[in-house]
Structures are given as structure tokens and as C-alpha cells.
Amino acid sequence: MKKLGILLIMLVISQHMQAQRYMTQNGVISFFSSTPVEDIEAVNNQVSAVLNAENGEIAAVLLMKAFSFEKALMQEHFNEKFVESEKYPKSTFKGRLENFSEIQLKKGDEEEVVIKGSLTIHGVTKDIEVKGELFNDNGIIDLQFAFQVQVADYNIEIPGPVKEKIAKTIDIDAHFKMNKM
Amino acid sequence: MNMNKLTKFKLICWLFITVGGYAQDDLLDMLEENQKPTTNFTFATFKNTRLVSGHSIETNAKGVLQFMIQHRFGTVNSGWRDLWGLDNSTIRIGLEYGITDNLNVGLARSSFLKTYDAMVKWRFLRQKSGAENFPFTATVVSSIYLNTTEWSDPERENFFSSRLSYHSALLLARKFNDKFSLQLMPTIVHNNLVEDTIDQNTVFSMGVGTSVKLTGSVRLNFEYYYLLPDQIFSRDTTNALSIGFDIETGGHVFQLHLSNSRGMNALRLINNTNGTWENGDIFFGFNISRVFNIVKRKQVKN
Chain A
1 MKKLGILLIM
11 LVISQHMQAQ
21 RYMTQNGVIS
31 FFSSTPVEDI
41 EAVNNQVSAV
51 LNAENGEIAA
61 VLLMKAFSFE
71 KALMQEHFNE
81 KFVESEKYPK
91 STFKGRLENF
101 SEIQLKKGDE
111 EEVVIKGSLT
121 IHGVTKDIEV
131 KGELFNDNGI
141 IDLQFAFQVQ
151 VADYNIEIPG
161 PVKEKIAKTI
171 DIDAHFKMNK
181 M
Chain B
1 MNMNKLTKFK
11 LICWLFITVG
21 GYAQDDLLDM
31 LEENQKPTTN
41 FTFATFKNTR
51 LVSGHSIETN
61 AKGVLQFMIQ
71 HRFGTVNSGW
81 RDLWGLDNST
91 IRIGLEYGIT
101 DNLNVGLARS
111 SFLKTYDAMV
121 KWRFLRQKSG
131 AENFPFTATV
141 VSSIYLNTTE
151 WSDPERENFF
161 SSRLSYHSAL
171 LLARKFNDKF
181 SLQLMPTIVH
191 NNLVEDTIDQ
201 NTVFSMGVGT
211 SVKLTGSVRL
221 NFEYYYLLPD
231 QIFSRDTTNA
241 LSIGFDIETG
251 GHVFQLHLSN
261 SRGMNALRLI
271 NNTNGTWENG
281 DIFFGFNISR
291 VFNIVKRKQV
301 KN
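Quick mapping for you: the protein sequence lines, in order, are chains A and B. Quick note on my numbering: the first sequence kicks off at 1 and runs consecutively. Quick note on my numbering: the second sequence kicks off at 1 and runs consecutively.
Bound conformation, chain A alone:
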């Protein structure tokens, strides 16, 4: 009985060990909107992201309110009127690195990766596919990718007076440095 118990415990522990994950709580996501009238940039450096090194599953969460803008009033308008941060405080991404088995997460190897998944902003979920680069920097998984989103795809309404100042397509950059959990 005792032996069985120890065996079971070891089995459970080994299960835990196998689930190798890399994580960060201060990933950086920034976005850019460029129009002839005005360029706008916002940065969020409190993004949580996790990568399952077994199957290439990846997930990220951020608080919309944590985006910081150069102009305080823009930040207020962004949260109050555009993305409605009180109603939809978070944006999430859930996906998977394509052809993950080929990527060995080897130290120093920089890999082109394709991530497919679903992105939720403003309560709207859309499937996206992004290209990025991944490399193992002395045990830290460094993942960078860039993509674009259409403001209209996420039911974000831009009121008339500022329509000229905000681009319809927003460029998004992400950079995660994930440590072994």
C-alpha cells in the first residue's frame, strides 16, 4: 500500500514536471496608428504570456488600461470611448506555434515561427495568423512578432471628430521574454 502511494505521488509529480512552461508577466505589446494628421503610439509592458514547450500552445493576457500613451487625454479617450476598458478590461490571445515539433527551442537558434490563434479585443474574438521570430537566449525564450488589426473588425467605433486622427489599420508589435516556470 505504501509503495503504491509513493508510486502514485511520483507519477503525479512527474506529470507536473513534464508540463514544461515558459512564462513572463512583463511582456511588451505596443501599437501604432499613423495618419497624415497624427501618429499615435501606446505601450503596455505588463503583458502576461505563457508558452507550453511540449505542444507549442501559447496564451497572452493584457489589461487595456495598462497601455500608456504620450498624451494623458488620449489614454482616457482610448479607455473610455474606443475600447471601453471598464466593460472589456482585458484583451487575450490563445494560439499555437505551427509546426512546433520542428522547433527544438534550442539555445541560440533563431527560428521563424507562425502562430495561429484567436485574438479577443473589445469582447470580439477573431482568428489571426502572425509571423514572428523565436530564439532561446540562455534558457529564456525570446519571442517577437508583429501583425495588423482592423479597428472595425473588433467593433471599435471611432467618433466623427477624431476619425481623421486614428488609422483604420493598427500595427501591433509584441515582444515576450519568457522564463522557465
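Honestly, the hints are just simulated from the structure, not real lab data.
Covered by chain B, per the in silico footprint, the following chain A stretches (three or more residues, Cβ under 8 Å):
#1 49-63
#2 68-78
#3 156-169
Glycine is no exception: its CB is placed at the ideal position from the N, C-alpha and C atoms.
For this one, chain A is given, so just place chain B on it according to the hints.
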């Protein structure tokens, strides 16, 4: 033996639950669990630093300069010859600056009594939820006023201090939800010189204001200042009741309103209102506010 079997069974169940649980474990759920609790500061309780004519709890952020032009026209019932009041305008021009997000200073001049005013405004408590909770935002605002009109009686001995007046208000506001905010503003006005000795130098009033969000860029505001009785005897006074719209266009806020008061500062708003809505002593007015970012905020990147 029976006991043993049962224990074994329990252990195996537990194993399946645990392992099964981990296998199903969603990465997103895991991230949510790991997230540090954050404090949400309530923002945009009101659109502007003014509700209608009086202050709101809002302050300009650090490094932001607000330029404000305010106009109040004559009474709507003054007839066609004065184009229903438009001929008869008073103006206040002012600047306010955010030294920090919570501390603002300002300077302004009103055409009424050729008055200059200097203001300091401090938001010392903020409504917040999440990791930390607090139910309302509190701001204090104090102004000193300098009346630069000629002495009404140059023959008598006039003191410089007689030109000065003061006002202080405690502003308490709560944003109940995305649509509705309420503000209370107990206010004291002190005039060093009053019209008649029977008048109080220090006058107490209680203000109440609300703001209703109609669309993302338009709000409807009410503002009412109740002057406590038995303070001013030399003239008739009424309580200022104003209704206004905020229309926001990026860095500008246009506030259009109707009021029985022409006051654009507390001195006139509280102590010198004598119009009544019933008699049509209604003044049209507007505030135009524009903000300039003098100091750019730092954006930290990794």
C-alpha cells in the same frame, strides 16, 4: 482489506482528477490565476475641469496646459434689440496647468468686476476598485480674486485688501457607472469688502451636480448651488441652476449651457445670482476648453 481497497480506489480517483486536471489546464486560465490583482482608478467621472460654471473633481494630467474661454451672454428675455442677449456678453479667459496629475494651478481674468483670479486645485482621494477600493474622488479647490475696478468712492480711505475675495470648495464625486456621475460641492466664499454691513463676509453654500453620458462624446450636466439663507440682505439673491451639454472633439471640449446665473467664477455664481428661470432670466453661455501637452509623458519600453 476492505479499507485498503477503498483507499486504493480513492488514491486512483485522486490521481485521475489531478492528472486530468493538469492535462485540461487552459493556459489562459493559468495566466489569469497568476495575474497580480490591480487597482482600477476611476477615470472620466466628468468630461472637463468644469461641470458647468463651477469646478468638477477633474484635474489636468501632469504637463497638460488647459486654455479656457468662457462666455455668458445677456438674458434670453432681453428682446430682439439685444438679439436675445447676444449683444451683452461677459468673458473669462483662463489657463490651468497640471503640476502633477493631482495638483493643478491656474490664472484667469473675468470681465465682470475686472477680476483676476489665481487657483490651486488638489485631488487628494481617488475613487478606485480592484486590489484597493475607495468609493469616491475628493478634490479641494481654492481661489483668490483681485477686483481691479476703480473704487466706487475714491474719497474715503480704501484698502488694497478690500479688493480681495476668496473661495474654497470641497468637491466629492462618485462615478456610479459608465453613464452617471454625481458630485457634491460644499463651498465657502469670503469677501473682504461687502456691499453693506448687514451682509456676511463669509457666505456658505452647498452645490450638487450630476453628469449623464449620452454618447461617447456628449454628456448632459446639471449644476445647482444652494445659498444658505440669512447671509446676504442688501440685494435679492437666487440659487444658481444650470443645465449644460459637453461636446468633446479630441483635445477640445465645448460646453454649451443655459443658466439663471452669469457667473463664471464662484464669487458671482454663488453670491451674485439673481435671475430666475420662471421669469425667463436665462443666460446662454459656453466654455471652450483646449488642452496642450507641454511635457510629454514617458513611455517605458523593454
